[in-house]
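Note that the protein sequences, when read in sequence, are chains A and B. Each residue of the first sequence is one higher than the one before, starting from 1 at the first, in our numbering. Each residue of the second sequence is one higher than the one before, starting from 1001 at the first, in our numbering.
Since the hints were made in silico from the structure, they are not lab data. From the three backbone atoms N, C-alpha and C, an ideal C-beta is built for every residue, glycine too. There may be inaccurate statements among the hints.
[Stated by the list, open to error] Below, simulated BS3-like cross-link-like pairs (lysine-lysine); rule was C-alpha separation at most 30 angstroms, straight line:
1) B:Lys1414 to A:Lys136
2) A:Lys176 to B:Lys1298
3) A:Lys173 to B:Lys1414
[As the list claims (entries may be wrong)] A few chain B residues facing chain A, derived, Cβ under 7 angstroms:
4) Leu1033
5) Thr1046
6) Ser1050
7) Ile1389
8) Arg1403
[What the hints assert, rightly or not] Partial list, derived from the structure: chain B residues whose beta carbon lies under 7 angstroms from chain A:
9) Lys1029
10) Phe1056
11) His1238
12) His1374
13) Ala1377
14) Thr1378
15) Leu1408
16) Ser1412
17) Lys1414
18) Leu1415
19) Leu1416
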Amino acid sequence: MNGEELTEQETALYDRQIRVWGADAQRRLSKSHILVYGMKGTVAEFCKNIVLAGVGSVTLVDDRAVNEEALSTNFLVLPDENLYHGKTLAEVCCDSLKEFNPMVHVSVEKGDISTFGVEFFEKFDAVVISCCSLAKKKLINQKCRKLPKHIAYYTVDCRGSCGEIFVDLKNYKYSKKKLEETIECQLEYPSFEDAIAAPWKALPKRVSKLYFAMRVIEQFEDIEGRNAGQTSIADLPGVLKLRKELCETNSVNESQIPDALLERLLTGTSEFPPVCAIIGGILGQEVIKAISGKGDPLKNFFFFDAMDGKGLIEDISKP
Amino acid sequence: MASEEQLSAIKRAKVLMVGAGGIGCELLKTLALSGFQDIHIIDMDTIEVSNLNRQFLFRQSHVGQSKAKVARDAVLRFRPNISITPYHANVKESRFNVDFFKEFDVVLNGLDNLDARRHVNRLCLAVDVPLVESGTTGFLGQVTVHSKGKTECYECQPKPAPKTYPVCTITSTPSKFVHCIVWAKDLLFAKLFGDKNQENDLNVRSSDTGNSSEHSVDVFEHRKDEDIEHYGRRIYDHVFGHNIEVALSNEETWKNRNKPRPIYSKDVLPVKMTEENGDTEKDSATDDVSVMASLSLKNPQDIWSLSENSRVFLEALRLFFLKRRKDIGNLTFDKDDQLAVEFVTAAANIRASSFGIPLHSLFEAKGIAGNIVHAVATTNAIIAGLIVIEAIKVLKKDNNNYRMTYCLEHPSRKLLLMPVEPYEPNKSCYVCSETPLSLEVNMHHSKLRDFVEKIVKGKLGMNFPVIMQGASILYEVGEDLEEDMVAIYAANLEKALSKLPSAVTSGTVLAVEDLQQEFSCSINIKHREEFDEEKEPDGMVLSGWVEAPVDKDNNNKPIGNGESTSNALPSKEILECEKDVEIQETSEGTETVTRKKRKLSEVDESKNQKKPEKLDVDDEDDELFIPDDWESLIKKRRV
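Chain A on its own, in the form it takes in the complex:
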């Protein structure tokens, strides 16, 4: 922690949240740099949250043009062709985000993120990845983990009425107050690759079915060479076949991954705004916790399903 005080402007603007997490945490936030990849609805929500929170900077990566999907689920994209014509999704979102908090530096990085070197990622304190293939998720995670600097890594995916967040904080040390004492805590997180390699049979019996369902779909997209979210109900037979194989390999019962759930994930490829708000909110809180060093971060998956309304944490790692 350095000795710089919050400005009068910051104190006035952030008063209500300083009362939640304290001035120290606010200072740390104001010095943090966040990288965000994949500007879908949920990620737009997340960006809104961290910009309001007063992070130092947010760098957006998404070279796609504004499309129907963006216009329907991303509130940062205004439906005025004059405004978005010729601009990438990241650029349009950048313009909107700047308005929420002039004290946050919002910018765009163009190019294929899988080609960015390790030095690029070193600039950041937290990296949030969405709309990403399995291969890319692993790749970026590895680059972040390679660095000696501590970089918090997150993936987020929302499909229809379901959402998943993955958290990797490497070796994370933090302190917290319990009654009058301050206790030191340490958590060790597996990488994304290691986490999902955990044999299904070894996982606790009541792990969320959504975890398994997401892994099946993820693998399906990987095998078929699809972009993230590029599936439909027509893929159901292929997905069920893959499920059978994976369950056999892992010696678990196929009932662990209900047909109905897989169907919902296949058909619900566009996001459901209430779920975007919920997942974007949880993710926002997690990043704020990791940057400020205040509060127990979740380890290491979070799932939400609007159908049962539960938002739960699963700790998935190799035994």
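Assemble the complex: chain A is given as a structure, and chain B must be docked to it using the hints.
Only chain B this time, still in chain A's reference frame:
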């Protein structure tokens, strides 16, 4: 989830949002994105700077403008073709009557006070329109669904009553910082800068019998041509020195308590202030007057020393007289009045110092004095998402799947978002089940006025009551009443209950109604001679109505108590979604320290730590803090 049937139900729906603040902004945005096309939104507030950390539809340039209107404009930017009707108004206004409410398919509350919530609850019951309620504080939040006849109404479960403190604790025996704040704000500040005609207990001492009010007015009044600094020191010495010495003279009070020490300005600040401070005349506009700037106390998070607090006290007082003379005599404390906050902080700290209570920073003091609710954007966003999910269930008439959802800071059995089935209506709820209440009162002493103010308006939350006995109307409010009726009602108010025209006796049933809320209630009157002055200061006891439990245990942190906001990172996990729960001093008839009759001592709402009954069966014994607002655990009846 986006089936055809669902989409068309959403498109057709007419939705009312009450509140365009923290939850409101997030909710309006999510509703618009989800396909809702006809949204009405009521909010009486205007935008303030402190809103901008989470009410993201607003910009710095909007400060001062109507929240409802600016929210509407902002959302129309990304959904230009939907209809959003804003009302910059108080939801309690008579135009928002049953005819207004019955047009909606669902009502969504994003409010911050109990009164308005109760009011909306009653209207929704009257027109049988489901209500989705919600609240957030910091990282905690909850969403509940209320459907008449199917689930509890908002008032079926006890809600924490606004916190008040015994007079003697404030005037003579403070033990916590919040007591000092109440003293500084409701007594000293009020005495010096507020309405002179208001009763004020500043010089009341527990043993005091012979204190005449004329004498106290003398002491506090600024004498003609009196040097301001001299006046300031005189006040300082009187309240922190003299009054303490007088209190000390009563041995009995201090038998089991730590004695306060008197503090005199000459011991703390020997040198005359104006010599030290130099020229403060160069202050800019009167509105920006602030002591901290002129005394180089830059950081509101710093805890000032006794001498710094004393300097602030004297300088603030001086600046009020020098720069804001015209305000003196009609000021009420406003948390956004920087000079007032500085004065109250300093005064509270000096008093705290005297009583050996830890001092607090201006930041902390302001939070306590201003009943500030701490808030972040993320929780509001999560809650908004959950509200829309429930709203859609309502539209689909999917009542078996309604859920109350809690947003927790620390997971309980892996859950951060915990859905719970709603409960059946409470058969003893006087609001939705129309159960009669009972009132014990001394019918010869208590007047109808007391009944109206304390019970009907106060406890029962009616705004425009009609009180009847059988066919006779004892009292009513209305715009088109005949003059002679108004005179009769006015006369009735001043009569003891037993002396009313239609003899009200023990065993009489009074019918009480609020026509706007379409809420009626019957009360059985029973006579009782004696009431405990301390415990039953109103001289009336209402039973059968659902009230939060009174807990005298001082160990736990009460909801919204100042101490909890004084920690930068509050460790309490109790939900307090009410901005005016703690030191209740609104004008709506709630007891404050300045009135003669006193309420009970602190209501401690934090004691309820019970296990929730989950949807899944589980063996684990979990400790879960459930907000008192939703004591779903006391009663375990399910839909």
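Tell me the numbers of any earlier hints that the structure contravenes, in ascending order. Checked against the structure, the hints that fail are numbers 5, 11, 15, 16, while the rest are satisfied.
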